[in-house]
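Peer 1: Sequence:
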Amino acid sequence: MVMEIKWAKNTMPKSQLNNVDCYITADDAKCAYSFHKTIPGYKITPLVKLKSLAQHFGVGEIYVKDESKRFDLNAFKITGAGFAMAKYLSISLGKDISEVTFEELKSPKTKKKTGDITFYSATDGNHGRAVAWMASKLGYKAVINMPKGSTERRRQNILNTGAQCVITEMNYDDTVRYTNNQAKENNGIVVQDTAWKGYEEIPTWIMQGYSAMALEIEEQMDYPPTHIFLQAGVGSFASAIQSYYANVYKENPPMVVIVESDQADCFYLSALANDGKARFKKGDMLTLMAGLACGEPNTISFEIIKNHSAYFASCADIVTAYGMRILGNPMGQDERIMSGESGAVTTGLLAYIMTDTKYQSFRKELKLDKNSKILLISTEGDTDPECYRDVVWRGRNQYSK
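If you read the sequence shown in the numbering used here, its first letter stands for residue -10, the second for the next number, and so on.
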């Protein structure tokens, strides 16, 4: 029997760090949300209610946050990268981020005070594009490195912002290390959405920026979800959304399922080890889900996710392919959502859980039924249109060069 999904209950010992729940608070989300609204073109991305799909699956409600509508970037990453870069510049001005606007940060007066800055980042595409876009809008330079297996289309998206961008012969985690060394040699600023010992401040700001999405969702829903399925690469996005709900709904937080590619399932492997320590995934990690192809978790995110997640799911590429087709070909009067390879895996997972008898026990453990109000976040649109068509039109189900 082929198993498209492996899962593990979170029984890891909780973190004893006193400040683990203080990295991303409701106030952080409000601060990031306020700054985002000063960026020209900002608007809340849609929260789509899939009524027909919910009825088909036998659950109460399904909501999908559509991040393909985030500015003109087709992905959510700017919420984190943009906020972190703004916070760095505001500190350079001697101000708190709550005291500045986007227009002030892009002014000649700010540039005169900060001098020339080059922002560096490693990326599969979306994060680096966000860093490059923000740098360009603010009048600074950006150097972006991409891991082996990245597509030329995603590289071109970054080059179109005016940034430098190359595809390396290294995996994501090694590309991060290479980029960090490159920035040190050139007196640049690394804007990376993962943390490691000695590099934790900017990743925390990125996570705070992501948490504004949760505040948007709060405005769009009349009640909190009962279940949230969150994608994890290094875990920054997942821990940011999770932190918000854990802090705001301390007495009855939603059940959270962390979803990974089976080629980069470091959180799932950590759950299996069950000693509270992070496990790494090595090698090329070639998967359709390029945005999740990260084998070493963010050190901050790991502690948050370990403390608050209920389950971990490791998914084969066919799971996200299934999700892309479901969202792109909706039932009844449901709205169509164009979701990319890293954006649709949670939808695909939910579909397998609710319709395949192999996963009946998982469905029961999650207590998914007519009372469930499920939140999914489609983190990207068709950021690689050719790959999207290969999956949705031509039936591609796995990574290939």
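Hint data in this document are derived by calculation from the structure and do not stem from the laboratory. Please read all numbers here as calculations on a predicted model, not as lab measurements. A couple of the hints might just be wrong.
[Claimed, not checked] Once the Cα atoms are required to be at most 25 angstroms apart in a straight line, the calculated BS3-like pairs of lysine-lysine come out as:
#	residue 1	residue 2
1	K95	K26
2	K353	K(-5)
3	K101	K126
4	K26	K126
5	K84	K95
6	K95	K137
7	K40	K271
8	K102	K137
9	K137	K271
10	K137	K98
11	K40	K26
12	K126	K100
13	K100	K(-2)
14	K58	K26
15	K353	K40
16	K271	K(-2)
17	K271	K186
Peer 1: Now tell me if each hint is right for this structure.
Peer 2: Now for the hints, and whether the structure bears them out:
no., hint, result
1, K95 with K26, "15 angstroms, holds"
2, K353 with K(-5), "15 angstroms, holds"
3, K101 with K126, "16 angstroms, holds"
4, K26 with K126, "15 angstroms, holds"
5, K84 with K95, "15 angstroms, holds"
6, K95 with K137, "34 angstroms, violated"
7, K40 with K271, "40 angstroms, violated"
8, K102 with K137, "38 angstroms, violated"
9, K137 with K271, "13 angstroms, holds"
10, K137 with K98, "40 angstroms, violated"
11, K40 with K26, "30 angstroms, violated"
12, K126 with K100, "12 angstroms, holds"
13, K100 with K(-2), "50 angstroms, violated"
14, K58 with K26, "15 angstroms, holds"
15, K353 with K40, "22 angstroms, holds"
16, K271 with K(-2), "23 angstroms, holds"
17, K271 with K186, "19 angstroms, holds"
Checked against the numbered hints given earlier, the structure breaks hints 6, 7, 8, 10, 11 and 13 and satisfies all the rest.
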